[in-house]
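> The chain contents come next:
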Amino acid sequence: MSVTFSALENILERYPPSSEHLISALQDVQAKFNYIPPAAMTAVCEHLGVPVSRGWAVATFYKSFSLEPKGVHEIKVCLGTACHLKGGARLVESLERELKVERGHTTRDLRFSLDTVNCVGACALAPVVVVDEGYQANTNSRRLKKFLKNVTKE
Amino acid sequence: MITFSINGKEVQGQEGWTILEVARWHGIEIPTLCHHGALEPYGACRLCVVEVNDGKRSRVVISCMYPIRTGINVQTDTPRVLNVRRWIVQLLLDESPESPKIRELAQTLGVTPSRFQKKGVDFACHLCGLCVRVCQEVVGVQALSFSNRGLRKEISSPFHTASKECLGCGTCIYICPTGAMEQVFLRVHG
Amino acid sequence: MVQVSTALKSNDFRLATPAALAAYRESILAERDPNRTIIIVCHGTGCRANNSPKVADALRRAVAAAGLNAQVIPEIKDTGCHGFCSRGPLVVFQPSGLFYQKVQPEDVEEIVQKTLIEGTPVERLLYADPETGEHVVHDRDIPFYKYQQRLVLSNIGKIDPVDLRDTIAAGGYQSLVKVLTSMTPDEVITMVEDSGLRGRGGGGFLTGRKWRMTAEHGRETPGPVYILANGDEGDPGAFMDRTLMEGDPHAVLEGMLIGAYAIGSSEGYIYVRAEYPLAVKTLRQAILSAREAGLLGENILGTGFSFDLKLNLGGGAFVCGESTALMASIEGKPGEPRAKYIHTVEKGLWGRPSNLNNVETWANVPLIIAKGADWYRDIGTEGSKGTKIFSLVGQVKNVGLVEVPMGVTIKDLVLRIGGGVPEGREFKAIQIGGPSGGCIPQAHWDLPIDFDSLWDAGAMMGSGGMIVMDNSTCMVDVAKYFLEFLIDESCGKCIPCRLGLQRMREVLKEFSAGRGSLEDLEELDSLARAIKDGSLCALGGSAPNPVLATLRYFRDEYEAHILHHKCPAAVCKELITYAINPELCNGCTACARECPQGAITGTKKEPHALNASLCIKCGICFEVCKFGAVTVA
Chain A
1 MSVTFSALEN ILERYPPSSE HLISALQDVQ AKFNYIPPAA MTAVCEHLGV PVSRGWAVAT
61 FYKSFSLEPK GVHEIKVCLG TACHLKGGAR LVESLERELK VERGHTTRDL RFSLDTVNCV
121 GACALAPVVV VDEGYQANTN SRRLKKFLKN VTKE
Chain B
1 MITFSINGKE VQGQEGWTIL EVARWHGIEI PTLCHHGALE PYGACRLCVV EVNDGKRSRV
61 VISCMYPIRT GINVQTDTPR VLNVRRWIVQ LLLDESPESP KIRELAQTLG VTPSRFQKKG
121 VDFACHLCGL CVRVCQEVVG VQALSFSNRG LRKEISSPFH TASKECLGCG TCIYICPTGA
181 MEQVFLRVHG
Chain C
1 MVQVSTALKS NDFRLATPAA LAAYRESILA ERDPNRTIII VCHGTGCRAN NSPKVADALR
61 RAVAAAGLNA QVIPEIKDTG CHGFCSRGPL VVFQPSGLFY QKVQPEDVEE IVQKTLIEGT
121 PVERLLYADP ETGEHVVHDR DIPFYKYQQR LVLSNIGKID PVDLRDTIAA GGYQSLVKVL
181 TSMTPDEVIT MVEDSGLRGR GGGGFLTGRK WRMTAEHGRE TPGPVYILAN GDEGDPGAFM
241 DRTLMEGDPH AVLEGMLIGA YAIGSSEGYI YVRAEYPLAV KTLRQAILSA REAGLLGENI
301 LGTGFSFDLK LNLGGGAFVC GESTALMASI EGKPGEPRAK YIHTVEKGLW GRPSNLNNVE
361 TWANVPLIIA KGADWYRDIG TEGSKGTKIF SLVGQVKNVG LVEVPMGVTI KDLVLRIGGG
421 VPEGREFKAI QIGGPSGGCI PQAHWDLPID FDSLWDAGAM MGSGGMIVMD NSTCMVDVAK
481 YFLEFLIDES CGKCIPCRLG LQRMREVLKE FSAGRGSLED LEELDSLARA IKDGSLCALG
541 GSAPNPVLAT LRYFRDEYEA HILHHKCPAA VCKELITYAI NPELCNGCTA CARECPQGAI
601 TGTKKEPHAL NASLCIKCGI CFEVCKFGAV TVA
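Residue numbers (the working numbering), protein chains in the order written: chain A, 1 to 154; chain B, 1 to 190; chain C, 1 to 633.
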């Protein structure tokens, strides 16, 4: 916990105590810890001088915050219009079956988080799935399955 | 003083007043759910819609927030206005058919439950936000807030646990128009 | 990619006067040999996903290993998106314009040997005309580029976006110098008004008028005035703003600087989606290098004008593209819109006058200043001036980013630039304007694309996403898709939007299952009007549009679902069945192996059979069958 605490201190040092930095500070927490731990939320709110209820409202409103720990690998299936037309919904459904997890959640072994995104702006690659930083372009259920097997092996 | 008309009747109000304030001052009835005289208007329930014509165009606005302007013509019961109001009540009635407040509104507007009506629901929070606002603006703490968005939006305390800020004063329960706060309060106060 | 010049590295590098900028530009240009070959490797998201960074690396290695004569050593440059995403990775030789497509690292040696050393093109990497099969050597002769008018995009694909020297060499910040040294703020506003520029984010409000209103309100009360750029491009199927921010960030910065000078602001924000990590990184670098060079900050170019910028990241909320929600988000709050009975030009960010424009609007400004309002007015139509960037995606051959003058017809865009729909498909509609837009059918494809024509046709310009749909698209499904998108993105404050959209979806769900009645169509229409009239912001106010527009042009498809229980495009799950055609099935077993239900059985090399009672209609068998043996009806 002490390591966690110093990591948090580093984040807080970047921001003067003003409510306008709430989202930015929480984004840093999310990036550092992969989710928003309750203790970090309280610390951020205290540092910035905003009620915890405000931090809670913000963290639950924006999709990029997660209140539960994310998996090692983050899978984001694009459901923009171009991807929808080219079978994006089919990809999520098959990943849900494959990973035995519902969209928006993380597998029990904390290996994968499965999320949908409303367009990643890579419509020329439709249907596209973003796994961690990499774009899986013009993909299909079978290729994804293979790809994820390789990811697990690494 | 600003002079304008509501339903063809000339009325006056002070600069900075809203249409709703002037209407109520003159005894003209406009239904509301999320409005309370002691709190800042929020504009969520949209029941208080009226049609405003400023000589150039006509549009539907919410009277609880629209600042009065000289010469505007306000109509409180046009077909467009009633269409909005009826649908709001229809949607609310189907969400929480047992809520006395909603049933009363439905009766006034002649709205009956549809085939989409939910069964067995007695919890009737319509996210009017009176509890959140009274806690912040009147009590002076922020023990609870809206959380999530869209269909998952709800009133809650941080992490759904007892709030350290909550004084247990119960003002939120008192102001809640549907009684839903009684259940939420148990978790907020702990 | 990062090629910070020695001059920029030293801490005292600061362009102190307009003359210093001019001298700096001269020195950069003097170092350059206009005849030297530059090999440009596209690093847009599409090309990156298809390996372009590896292609660039391989090129650099191969060139170094080739032992070329010093005079012919090319410069290898990584740039933003060239737009022709379906052909990536793209490699272009300048100054000749030789254009290679779908280049992979293993092609690089041949490119170096043939093109650099022998001076001949590698034929198999050239673009081939789909009609004649003839090879096209230069980018300018490829139909996809030939019919475009790339003005705002003119630098993208030529400059290295993170090298300020490249921007300056290309003429960047010259318009800023022009306004700071020879124009009054009022003259700048007048010029933008005269140009007829309208907001590119979707609203189409006159930019000059907005600037004037903000400037006037700013003067009324003491305090800051804010300049904001909306880069929260959330429309699904759109990536114009991403490309601009990634490919030419300084154009956005320069536009904002000019706006700040005209309006009287010294503080600004760029609000960009966190889902665009590359755009965030590029903008961050652009801001830093502009600040270092003295093009942002105190006393810019010694003229006494000061302006600085912050970058704010959106957190995955489409509604934050709405102006008041965006401002709430910058203030550190949930992105709930507020009523705009008092406009943001009067009370915006922190209750102060604020001027918000889309990043594409900002990028148009330096062009207008450089070339004049008359020049700009000559491009486009009566009511819509200039060019517009569109992302052309969906069921079209040439997927990518295009820039055309306002007033081009849908047909020209889809056929001449887009190359039409893929073989064996039929054009059905084009969806314009994002989730709040509409679908325009083939019967209307002579419609000129401009703000007013689209509005009259029940669509809207939106930010410029264009999605081509063919006969495999079900319009009821499309309407349901957009509703689901908006339900997911609604902030949930207004009851008509939160519960009304949900009700519309329930009704459409019944249709897609073959239930419902024609009276429901009237109910939908009445509910749609209630949602439009009763919602606070533009999201709710336009949310019923996809349903209304599809009802307007494709009522027959709705009726087919309701009355005949059929989905003509074979999309709606409840109304379709999958089967295997024994005449086409050769028993390859691919479908049986992939079927999650074990619904497909059969012996190897013998026709397989599908047990409909086990089938969950996931469509995987259809997807994996290479022989067209899986049918859907």
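I should point out that these hints are in silico values taken from the structure, not numbers from a laboratory. Since the structure is predicted, the reported quantities are computational estimates derived from the model, not experimental observations. The beta-carbon is built from N, C-alpha and C at its ideal position, and this holds for glycine as well. Please note that a few of the clues may not be correct.
[As the list claims (entries may be wrong)] Some chain B residues judged to face chain C by a derived CB distance under 10 Å, without partners named: (1) L39; (2) R57; (3) V61; (4) P67; (5) G71; (6) R85; (7) D94; (8) G150; (9) L151.
[As the list claims (entries may be wrong)] Quick list of the computed label-pair ranges, beta carbon to beta carbon: (10) B/E40 to C/E522: 37 to 45 Å; (11) C/E382 to B/E10: 41 to 49 Å; (12) B/P113 to C/P448: 43 to 51 Å; (13) A/G104 to B/T171: 43 to 51 Å; (14) B/Y174 to A/G49: 25 to 33 Å; (15) C/R552 to A/D109: 44 to 52 Å.
> Hey, does the B/V61 contact hint survive, CB to chain C under 10 Å?
7 Å, holds
> Close enough to count: is the Cβ of B/P67 nearer than 10 Å to one in chain C?
Hint holds; B/P67 Cβ to chain C Cβ min 6 Å, cut 10 Å.
> A range of 43 to 51 Å was offered for this pair. Does it hold for the Cβ distance of A/G104 and B/T171?
For A/G104 and B/T171 the Cβ distance comes to about 35 Å; the hint is violated.
> Under 10 Å, Cβ to Cβ, is where B/D94 needs to be relative to chain C, so tell me if that hint holds or is violated.
With a minimum Cβ separation of about 8 Å from chain C (threshold 10 Å), the hint on B/D94 holds.
> Should the interface hint for B/L151 be scored as holding, given a Cβ-Cβ cut-off of 10 Å against chain C?
6 Å, holds
> Per the CB criterion, is B/G71 less than 10 Å away from chain C?
16 Å, violated
> Does the interface hint hold: is B/R57 within less than 10 Å of chain C, judged Cβ to Cβ?
With a closest approach of 13 Å, the B/R57 hint is violated.
> Does the hinted range 44 to 52 Å hold for C/R552 and A/D109 at CB?
50 Å, holds
> Does the hinted range 43 to 51 Å hold for B/P113 and C/P448 at CB?
48 Å, holds
> For the pair C/E382 and B/E10, does the Cβ-Cβ distance stay inside 41 to 49 Å?
42 Å, holds
> Would you say the C-beta atoms of B/E40 and C/E522 sit inside 37 to 45 Å of each other?
Since the Cβ atoms of B/E40 and C/E522 sit about 39 Å apart, the hinted range of 37 to 45 Å holds.
> Any CB of chain C closer than 10 Å to the CB of B/L39?
15 Å, violated
The structure is inconsistent with the numbered hints 1, 2, 5 and 13, although it conforms to all the rest.
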